[in-house]
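**Q** Sequences listed follow chains A and B, in order.
Residues 52 to 169, numbered by the working numbering, are exactly what the first sequence covers, in order.
Residues -2 to 108, numbered by the working numbering, are exactly what the second sequence covers, in order.
Some clues are possibly wrong.
[Said to hold, decoys possible] One side only, chain B facing chain A, incomplete, derived with CB under 8 angstroms: (1) R38; (2) K39; (3) P41; (4) L43; (5) L85; (6) R95; (7) K100; (8) G101.
Hint data in this document are derived by calculation from the structure and do not stem from the laboratory.
Where a beta carbon is used, it is the ideal one built from N, C-alpha and C, also for glycine.
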Amino acid sequence: GAVVSQHPSWVICKSGTSVKIECRSLDFQATTMFWYRQFPKQSLMLMATSNEGSKATYEQGVEKDKFLINHASLTLSTLTVTSAHPEDSSFYICSAPGTGMVGNQPQHFGDGTRLSIL
Amino acid sequence: QKEVEQDPGPLSVPEGAIVSLNCTYSNSAFQYFMWYRQYSRKGPELLMYTYSSGNKEDGRFTAQVDKSSKYISLFIRDSQPSDSATYLCAMSAGGNNRLAFGKGNQVVVIP
Chain A
52 GAVVSQHPSW VICKSGTSVK IECRSLDFQA TTMFWYRQFP KQSLMLMATS
102 NEGSKATYEQ GVEKDKFLIN HASLTLSTLT VTSAHPEDSS FYICSAPGTG
152 MVGNQPQHFG DGTRLSIL
Chain B
-2 QKEVEQDPGP LSVPEGAIVS LNCTYSNSAF QYFMWYRQYS RKGPELLMYT
48 YSSGNKEDGR FTAQVDKSSK YISLFIRDSQ PSDSATYLCA MSAGGNNRLA
98 FGKGNQVVVI P
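Make the full structure from the sequences, and use the hints.
**A** Right, dumping it as structure tokens:
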């Protein structure tokens, strides 16, 4: 089945550092990918829709200058958390619809990146 | 009213019992319905996918969708300790429309 790979799985860094998270669709192309944030014991919150070859679409309340998204190819989207602070610590997850899926569903998720800012 | 309602209360069952989970929704445009299983510190894993109304069975798992009642269910038969996880319902109207998630149910299967 469709596989989405996310890297790194865990990052610990100092406040003020910028952190890049990669999301790759393995053996299929994804013109659209989605980035989510999840707090402990809560559901996923959509942050933005990543579009290959064009600007990402951000959800209301998500700072686009804080969370930079680049979808440079049909198999790779990156999320960069710029000048990260402790409040940015969270679990970040990407997803992509597999090939041949009607209506962009269902989506397949990466294994997530745990970001801890000290 | 939230788009998707899922009672997040933890659920503990003995091994071998049937687990019953459900979600209700308010958006009549939803036509794609999914159940995901999420283990701690992992991304959601697709369990069941249903388009429009009807039932779908896959091994020990059965998903039901009743669009007239805006109600979806997931049943797990012969539950195993390895089924202990959080189960998220998700749905979409399709296209590039986003997924709407329930809050998730934490299920614990006791050996």
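**Q** Does the nearest C-beta of chain A fall within a distance shorter than 8 angstroms of the C-beta of P41(B)?
**A** Since chain A brings a Cβ to about 5 angstroms from P41(B), closer than 8 angstroms, the hint holds.
**Q** May I ask you to test the interface hint for L43(B) with respect to chain A, counting a Cβ-Cβ separation under 8 angstroms as satisfied?
**A** This hint holds: L43(B) lies near chain A, its Cβ roughly 5 angstroms from the closest one there, short of 8 angstroms.
**Q** Hold the hint about G101(B) up to the distance rule: shortest CB distance to chain A must be less than 8 angstroms.
**A** With a closest approach of 5 angstroms, the G101(B) hint holds.
**Q** For the restraint on K39(B), tell me whether the closest CB of chain A is nearer than 8 angstroms.
**A** Where the cut-off is 8 angstroms and the nearest Cβ of chain A is about 5 angstroms from K39(B), the hint holds.
**Q** For the hint on R95(B), just tell me whether its beta-carbon gets within less than 8 angstroms of chain A.
**A** R95(B) check passes; min Cβ-Cβ to chain A is 5 angstroms, inside 8 angstroms.
**Q** Could you check if L85(B) really has its C-beta closer than 8 angstroms to a C-beta on chain A?
**A** 6 angstroms, holds
**Q** Taking the closest Cβ pair, is K100(B) under 8 angstroms from chain A?
**A** 5 angstroms, holds
**Q** Can R38(B) be said to touch chain A, with a Cβ gap under 8 angstroms?
**A** 7 angstroms, holds
Against the hints set out earlier in the document, no violation occurs for any number.
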